[in-house]
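Chains as they are written, first to last, in this note's numbering: chain A, 6 to 418; chain B, 6 to 418.
Hints should not be assumed to be uniformly reliable.
Derived, one-sided and incomplete: chain A residues facing chain B with beta-carbon distance under 8 Å [claimed, not checked]: (1) 6; (2) 24; (3) 70; (4) 99.
Simulated from the structure, these hints should not be mistaken for laboratory data. From the three backbone atoms N, C-alpha and C, an ideal C-beta is built for every residue, glycine too.
Number of protein chains: 2
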Amino acid sequence: MPLTVQKFGGTSIANATHIKSAAKRVIKTYSAGNKVVVVVSARGRMTDELLELAYEINDRPSSRELDMLLSTGEQMSSALMAMAIHSLGYPAVSFVGRQVGITTDSFHTNARIISINANRIMEELSQDKIVVVAGYQGVDENDNITTLGRGGSDTTAVALAAMLKADICDIYTDVDGIYTADPHIVPEARKLTKISYDEILELASMGAQVVHVRSIELAKNYNVPIRVRPSFNDGTGTLICKEVSEMEKIVVSGATVTKNEAKITIIGVYDKPGQAAKIFRELAKENVNVDMIIQNIGAHGLTDVTFTVLKGDLPIALATTERIKGEIKAKKIIADDKIAKLSVVGVGMRSHCGIAERLFSTLSDEKINIQMISTSEIKISCVIEEGQAERALIAVHRAFELDKEPQAFTRGA
Amino acid sequence: MPLTVQKFGGTSIANATHIKSAAKRVIKTYSAGNKVVVVVSARGRMTDELLELAYEINDRPSSRELDMLLSTGEQMSSALMAMAIHSLGYPAVSFVGRQVGITTDSFHTNARIISINANRIMEELSQDKIVVVAGYQGVDENDNITTLGRGGSDTTAVALAAMLKADICDIYTDVDGIYTADPHIVPEARKLTKISYDEILELASMGAQVVHVRSIELAKNYNVPIRVRPSFNDGTGTLICKEVSEMEKIVVSGATVTKNEAKITIIGVYDKPGQAAKIFRELAKENVNVDMIIQNIGAHGLTDVTFTVLKGDLPIALATTERIKGEIKAKKIIADDKIAKLSVVGVGMRSHCGIAERLFSTLSDEKINIQMISTSEIKISCVIEEGQAERALIAVHRAFELDKEPQAFTRGA
């Protein structure tokens with residue numbers, strides 16, 4: 006019998022009405038002849054409310070105690086979901102993470118799953134019960150309750166799907182699916198029917214709001230197909246799965262802009278081996294994550310190094326570079342936090358040339374200056390001026406015809 | 006090192022301010038050189054709110070799922086209490102019932118503790134930590150979360166105190182202690198310094214609002230001294246302990262009236278063996294608890310049987326007696342739900358005579374008619390007209406001089 010894991014996020018089960026409506030979806034799948042494991046998040050603002058209370062009591066709450074506190078949100082949801090399924094006349098039983106054998110490491114508030122002992126779930130499924138599991142949590146080897154951090158319930162769902170060899174992991178959310186670009190910026194953005202793990206990972210900033218990167222990595226590793234579906238209508242959503250040959254015909258799957266980075270340029274660095282290493286070693290010591298880096302070949306033995314960091318890290322990154330300015334014999338340091346990063350992503354890029362050229366000429370036609378470029382096998386990103394971000398995205402979306410149904414994009418088409 | 010178990014009820018930890026204030030009391034005891042185990046209830050209206058939500062989803066929620074849901078209230082409190090203790094600079098760690106080895110039977114929503122494996126608590130105490138335990142819950146042998154029913158957190162506190170051989174179990178509440186009578190009815194009611202387990206058990210209706218009967222029975226069995234203390238001031242409260250010789254000098258410890266019962270009289274029952282048994286067997290089948298029973302010797306082979314039941318059970322009790330009316334050849338059935346039960350309790354009664362006489366004559370002086378009488382070794386109860394309840398209690402309290410400091414009461418004193 007096919008097995009489906011269905012995950013409902015906080016907004017999908019925010020109140021009694023929503024919980025009952027989610028229960029109906031579960032039963033629909035169950036009645037169609039599937040075994041069903043349901044994973045639930047905390048209801049609506051539950052987690053935020055608990056956090057507010059915690060910080061009212063202690064401005065630096067212990068992470069172990071935070072886990073003890075926060076894990077209750079999902080536990081409540083699991084019991085309420087089981088009750089809702091019962092009220093519709095179907096068998097269900099709820100469990101916390103520990104009860105279904107989810108063992109994690111001891112990194113409280115951000116634990117990683119080490120193992121799952123699925124015996125209890127298998128036993129209940131074999132009795133034709135719908136199994137409801139509290140997401141986001143587990144227990145460490147010393148029997149302390151742990152939580153899995155951001156996107157933790159997605160991680161629980163995907164991990165259970167992997168362990169149970171589920172046929173599909175449905176993730177119900179408050180969006181229709183994954184789009185070629187943010188529909189708020191690009192009105193003609195199109196919902197994707199399918200997208201590969203690699204693409205959604207590259208489009209992280211776009212995908213993160215729907216499914217957390219960590220769950221996608223997990224799904225990719227265990228080849229668990231994820232379907233991102235709307236919880237408030239019958240839309241089929243977007244399937245996230247491994248790359249199949251048909252996908253390669255689609256050169257670009259999506260485009261995105263992010264505004265969460267800032268840029269630092271170090272001008273007139275003495276151009277000798279080890280200077281770049283010195284800069285980024287010092288930044289790493291301060292826990293600053295550097296995203297894009299470019300360094301041009303300079304004249305007269307001097308070069309300029311530009312890199313981007315998260316906006317929140319800009320002050321510490323600036324202080325760090327200023328501190329080593331003398332040591333690396335740099336002339337000047339310039340910061341700019343009014344930047345945006347535009348990216349286009351697609352597995353088809355691997356086998357199609359001309360993507361970069363089309364991207365650059367589209368921006369050029371729009372009189373948008375490209376400040377930095379970085380490429381991966383399936384992504385091209387450009388740093389541009391922040392104020393031009395939306396206009397750039399719309400233009401690029403149109404240039405790659407992302408609003409049209411999937412078909413091979415060829416240069417000059 | 007002495008060990009104290011301290012239990013805080015829902016009103017004592019209703020919000021962040023109250024939790025911090027409770028944490029200060031814990032630390033005061035800890036700093037005075039005690040090992041401390043703290044047991045917490047759910048905050049304020051938490052349990053009621055969760056129940057409302059459950060019934061909104063399912064009008065007959067499964068008891069297993071209710072336990073899953075409701076146990077989160079105490080879990081939250083335990084984490085918040087640990088955070089509050091941390092914020093004051095002291096070491097603490099929170100646990101749910103299962104983590105401190107509380108195993109129960111499988112009677113969900115009303116489970117009984119079967120065993121406690123205190124290893125984890127002992128280990129944490131040996132590291133000088135304050136151990137905070139979520140009250141009201143445990144886990145059955147199949148690893149399902151269970152709750153202990155009404156007064157469950159008191160039960161957890163007393164059970165842990167018994168298992169850990171604690172020197173005292175402090176139960177913090179929103180009252181000053183246990184009084185000779187309800188101070189709302191009898192203004193001169195006096196707070197008792199000490200009361201025996203047996204007396205508080207007989208005064209259940211008075212004591213139940215402070216400490217649940219079940220915990221007192223447990224405390225009595227394991228000889229755990231309980232101190233009922235106010236959480237909002239430094240009052241010393243009332244010590245509930247085993248009877249000591251000095252107590253016997255106090256004839257009456259307290260008086261109480263309850264209005265939660267109704268009376269049924271079956272008139273003209275054919276007086277032959279087995280008739281009474283028949284009536285009460287049928288009532289038991291319907292789960293009706295019968296409290297007081299009187300049967301007078303009748304004339305002409307007929308007798309009248311009167312008994313009391315909880316008011317809520319009156320309809321079913323009436324229907325049941327009406328059903329068997331013909332079988333027991335009864336003439337008539339009369340119900341009265343406008344009654345009150347007045348009781349006086351005291352271990353000293355055992356060795357003092359004249360208590361009943363003084364009670365009856367006090368009521369007679371007040372022109373209050375006694376409808377039923379029942380006695381135990383340390384209690385005398387009278388059923389009277391509901392409207393006279395308060396007046397009767399005040400008169401009896403005065404007659405037995407309960408407002409005065411403990412001293413031997415002798416007949417005619």
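Q) Given residue 6(A) as an interface hint, is the shortest Cβ-Cβ distance to chain B below 8 Å? A) violated, 24 Å
Q) With 8 Å as the cut and Cβ atoms as the points, is residue 70(A) at the interface with chain B? A) With a minimum Cβ separation of about 5 Å from chain B (threshold 8 Å), the hint on residue 70(A) holds.
Q) Does the CB of residue 24(A) sit less than 8 Å away from some CB of chain B? A) holds, 6 Å
Q. Do the numbers back the hint for residue 99(A), that is, is its least Cβ distance to chain B under 8 Å?
A. Status holds, d = 5 Å.
Of the hints listed earlier, the one the structure fails to meet is number 1.
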